[in-house]
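Taken in sequence, the protein lines are chains A and B. Residue numbers for the first sequence follow the working numbering, beginning at 1 and rising by one. Residue numbers for the second sequence follow the working numbering, beginning at 1 and rising by one.
Just so you know, the hints here were simulated from the structure itself, not pulled from any lab data. Any given hint could be a false lead.
Taking lysine-lysine pairs in the DSSO-like style, the calculated list, with each CA pair at most 30 Å apart, reads [said to hold, decoys possible]:
1. A:K167 x A:K185
2. B:K145 x B:K164
3. B:K166 x A:K185
4. A:K167 x B:K145
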Amino acid sequence: MSDIEIARKMFIFGPAAPAAAESAGAEARLVGRIRSGDREAFGEIYRMFAPLVHGIVLARVPHDDVQDVVQDVFLAAYNNLHTLRDENAVGSWLVAIARNRAAEFYRRARPTEELTDELTGKQPPRDEATEILAAIRSLPETYRETLILRLVEGMTGNEIAERTGLKPESVRVNLHRGMELLRQKLGIGGRK
Amino acid sequence: MNDEYLWQITGQDPEIAKLEETLAVFRYRESSPPALRGEEAKQPVQRGFSLAFGFAFASVAIIVMITAVLWFRMPGASGADEVTFVYVPAEEVQPPANLEHEIAPPSQPMPRPPVRPRSAKNYTVAALKVRRKKIDRSSTAALTKEERYAYQQLMLALSISSSKLKIVQNAINGVEDADNSPLQNNR
Chain A
1 MSDIEIARKM
11 FIFGPAAPAA
21 AESAGAEARL
31 VGRIRSGDRE
41 AFGEIYRMFA
51 PLVHGIVLAR
61 VPHDDVQDVV
71 QDVFLAAYNN
81 LHTLRDENAV
91 GSWLVAIARN
101 RAAEFYRRAR
111 PTEELTDELT
121 GKQPPRDEAT
131 EILAAIRSLP
141 ETYRETLILR
151 LVEGMTGNEI
161 AERTGLKPES
171 VRVNLHRGME
181 LLRQKLGIGG
191 RK
Chain B
1 MNDEYLWQIT
11 GQDPEIAKLE
21 ETLAVFRYRE
31 SSPPALRGEE
41 AKQPVQRGFS
51 LAFGFAFASV
61 AIIVMITAVL
71 WFRMPGASGA
81 DEVTFVYVPA
91 EEVQPPANLE
101 HEIAPPSQPM
111 PRPPVRPRSA
121 KNYTVAALKV
131 RRKKIDRSST
141 AALTKEERYA
151 YQQLMLALSI
161 SSSKLKIVQN
171 AINGVEDADN
181 SPLQNNR
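Produce the complete structure using the sequences and hints provided.
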C-alpha cells in the first residue's frame, strides 16, 4: 500500500490528502539530499517554502526588512538541519524558525530608534495596501498568518494546511473568522 | 462572502479578489536562495538516545544514593548482632592449707576442690565469654516525625524518577516506531 493510500484511509483530509503525502515524501527526500551534501536540493527547498516563510515574516516584520529575514531563516535552517527530527514536517519547522527570527529582529532593533515623521518632515506612505496590511497585522496571530498566506501569498486553504502542518479544518475556521474580523476593521460589507 | 473562493480560489468573490489584487504588492517575488558557506549541513544527532542515557544515568545515581542512605540508616544494618569479647578474670583458688596434715579420713566427704583451670596464672582467659548483645530494634526503629517525612519524600522521589524514566523509554520507543513507519506526519 502506498503512502498516499494510507493517508487516504487514515486521515480524513479530503482531496488534500494525496497532495500532502506526496509533498511530505518529497520534503523528506530533499532533506536527505541536503544532508548528503547536495546544495541544489537546498535551492529546491527554498523555492518550495520561500512564499510560506515570506508570509509568516511579513505578518510581523516591516515589508522592507522581510526579504533579509527570509534569507536569515533559510540560513539558520541549513545550519540547524541536524536538529530537524521529522523530515516530513519541514514546513512547520521553518514556520517556527521564521517566528523566532521575526521576534529576534525586534530584539536586535530595539537599541536603535528611527526618526519620527515629525522630525523628518515626511509623510509616511499610507496607501491602501499598507492600510490593509496594517489591519491584518492588528488581528490575532492565528488569523493574521493565515490571512496573509491566503490574501498576499495567494495560497489555497489546502496549501496553507499542507505547508504549515495545521489541520485543514483549523485553517478553514481561521480564514473565515479572520476575514470577518478584517471586514469589520476595514468597514467593508456587512456581517452575513 | 464566498467561502469556496476564500478556501480554494474557485468561483467568484469580487471583494476578496480586490483585496488580493491590492495586497499583491507585498507578495513574495522569486529570489535566489542565500549563499551557503563552505560547510556541509550537519548530520542529525541521536538526541533520543543521549537523552535516554542521561535519564537512565541520573535515575541509577539517585537509586544508589537513596539505597545507600537507607542502608546506613536502617537499624542494625551495620552489625545488628554485635559480638563483644569480654575478659572475665577467674576467681583465685587457694588450696586448703591443712590438706597435707589431715590423717584421719574425714567423717564427712570432703568438699571437692574447684577444678583448677589449665593456666598457671591465678586468673586465666578460660572464662572468656562471648556475649551476644542484642540490640533493641524497637527502640532504634522508631523514627522521629522528621525522619519519617524525609523517608517518605525519598521514596516519592524514587517513584517519580522511575516513572519519568518509563515515560522517556516509551517516548523513545514511540519515536523509533514512528521512524520506521511509512507515514510519520499526522497533519
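Here's how the hints hold up against the structure:
1. Simply put, K167 of chain A and K185 of chain A have alpha-carbon atoms about 27 Å apart, close enough for the 30 Å limit, and the pair holds.
2. A C-alpha spacing of about 29 Å is found between K145 of chain B and K164 of chain B, which places the hinted pair at or below 30 Å, so the restraint holds.
3. A threshold of 30 Å between alpha carbons decides the hint, and for K166 of chain B with K185 of chain A the separation of about 52 Å lies outside it, so the pair is violated.
4. Distance check on the hinted pair: K167 of chain A and K145 of chain B sit about 55 Å apart at the alpha-carbon level, beyond 30 Å; violated.
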